[in-house]
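Trainee: Residue numbers (my numbering), protein chains in the order written: chain V, 1 to 668; chain S, 1001 to 1075.
A hint or two may mislead.
[To be verified] A short, non-exhaustive set of chain S residues, derived as facing chain V with CB atoms under 10 Å:
no., residue
1, Asp1005
2, Gly1031
3, Val1054
4, Arg1055
5, Leu1059
6, Ser1060
7, Glu1065
Everything labelled a hint here was simulated from the structure, so no lab data went into it.
Just so it is clear, CB atoms sit at the ideal spot from N, CA and C, and this is done for glycine as well.
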Amino acid sequence: MKKTIALVGNPNCGKSTVFNILTGSNQYVGNWPGVTVEKKSGHIRKSKLDLSVVDLPGIYSLATSTLEEVITREFIESDEVDLIVNILDASNLERNLFLTLQLMEIGKPMIVALNMMDVLRAHKDELNIEHLSQHLGIDMIEIVASKEQGISTLIEAMEKDHVPVQILPIYRPKIQKLINKVKEGLHIKVSPTLHAIRFIEEGISAALGHEKKPLDLSPLNAMVEESLRDETLDRDMIISDEKYRFITELSSHVLKRNMSQEKTLTHRIDAVVTHRILAFPIFLGVMWIVFMLAFGPFGATLKGYFELLIQFVIDQVASLLTMIDVSPWVYGLVIDGLLGGVGSVLGFLPEITILFIVLSILEDTGYMARAAFIMDRILRRFGLSGKSFIPMIIGFGCTVPALMATRTLENEKDRRLTMMIIPFMSCSARFPIYAVFAAALFTNNQALVVYTMYIMGILVAILSGIFLKRFVTQGSVSSFIMELPEYHRPTLRNLILHTWDKVKGFIIKAGTVLLLASLIIYMMSTYTFDLQPALEQVDSMIGSIGTFIAPIFKPLGFGDWKSSIALLVGFIAKEAVVSTLGVLHGVGDSAVNGTAALVEPIRAAYTPLAGFAFMTFTLLYLPCIAAFATLKREMNSWKWTFITVGYQTGVAYLLALLIYQGGKMMGF
Amino acid sequence: MTLKDLKPGQTGIIESLGKPSTLRKRIIDMGLTIGTEIKVIKLAPLGDPIEIKVRGYQLSLRLNEASEIYVRLIS
């Protein structure tokens, strides 16, 4: 029998960790509230039954109307879900129980997994699980997800059949009566209690969704207003207030808090990390370490070994092809077209892997939330929020997850502005371009030039924030309510799964999109439009197209057709700029693959100034097609998507023009 | 007085909460209900936002949000 289980819980309750253990699938785990925004599902590996699990966004409540809450509410109310598993952070009992009570009001079969029991014990708090379970009338399983304890018990509990939970009479008799009356008045079959409460809180504006025929609800609303007239609290506060009263009372019976003033580990770390004076030096230091690890000597050494490996593979294939005596055009296609293009991009795999590992550690430990805390004041000046910061940092890895991470910004306009500037954060796919150009044209200052690109991206992002906020976020009041979660040691499983997820994306892209692009470019660069072999590359199909559009880029210093083609192909994927230049300059079969092989052709084709303008343009111009599609999906507006990419390309053109023409005037 | 006026280390009890808004609803659902104890842990290095402790967990909010939370100082 097939059974669908919904995992629901607060942000930072360890839900994604549980999901990873249960399914072994890939799932992004963050300590920053609300990172899990996608509906991820998988099958439980260690169960004989057909159990499918859906990981829902981390939420604090079902009663407000953020995107995540609506997604969760609608999904768990649906017939699709057979069992709710509420993951509850036992070390943060009261706030977590609030969601538990709301979930119970849906009236479906439900069990609770009490997570982080180790943290609770480390705090020297004592929790009487048996009492808690009895009081709520719900099965509770003790787990420590980070150490994979209690998981088999949890799976056994999931396999069992459960009856719908009994909805507890936790309110004052008067409120209880009112809820029942509203239930009768609404006639909603699906989770009537939850809907009645929403109606009491929000009135007619409550999106109730399920009615078949439109009822006139104003008499019912008047009745609610009348019966709450002598209450001291507003109608949207009463229910939550009573829930928390119940929770406070319950928690005083089942939880014995350690009242000593002993500082927890989180307190001690925060005393340093968010210290008035030390906070910013530490923050800059952390950022420096991130980039040094990924792009410094360590990453470069790994990259060197990896490139040797790639070259070895290419050499083997080449000798194999020579041995079986293939025709020259097949040899050219495979070695120059396929392997040359893809190889020059795959060489960057080690550095990108390191970047994703480090970002993932920062996220999983909880440091990212602290970074948002200390940066909020500064970012607000640029029309952004402290919460914009994490997506921006993720943007150094890849623009696509960065855009998705902006969902944690509640204010729609803040979110839009953040999305508009994220592509300026130089993603890892653009790094190969700088690396190659810096190696060729700025041999003595390679690192400096690459850093300059990153800094320029950040500066353009900041200035754009100041410039755009007048048009985008004008008149809106944003908020910054953010939990500072306890620091956690990141689990190896989460780290590996998360990094693998991202790296896999990179490899798949190299193996599919880039492979195809390399192939097409190779064909188009060796044949003319009449399908005759081109004697000179400039006569080839691609040469003709390139020659046609090249004049647009002439004022920027790179008016040759090869640059134009590389930029066009860059829309497919930014890495393809390098692989395209590789194919067009025919470096595939040279003795040294990758970066080194492109050095000579680039030196011949660009002056240092033109090269710098080219790097600037690739840093800023329209994002790759995957980012473009994500932008459209997240902004849910063609208009804003085109404004964004138009703005970016405009800025790219202007700045590259300024650099090239200005530089020429100054005599570079 | 409001939460904004509390100094780091001071504890207050929530007496009332500004005007109805989605923001207020969010704050309440995160456990900041009337009568709840709330302690200011620290200010961010630039003075805003602030870090508070409520119902056993840490939360950060901006000063202008804190100014909507009316409290009675207890220590």
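Trainee: Among the hints numbered above, which are violated by the structure, and what are their numbers in rising order?
Mentor: 1
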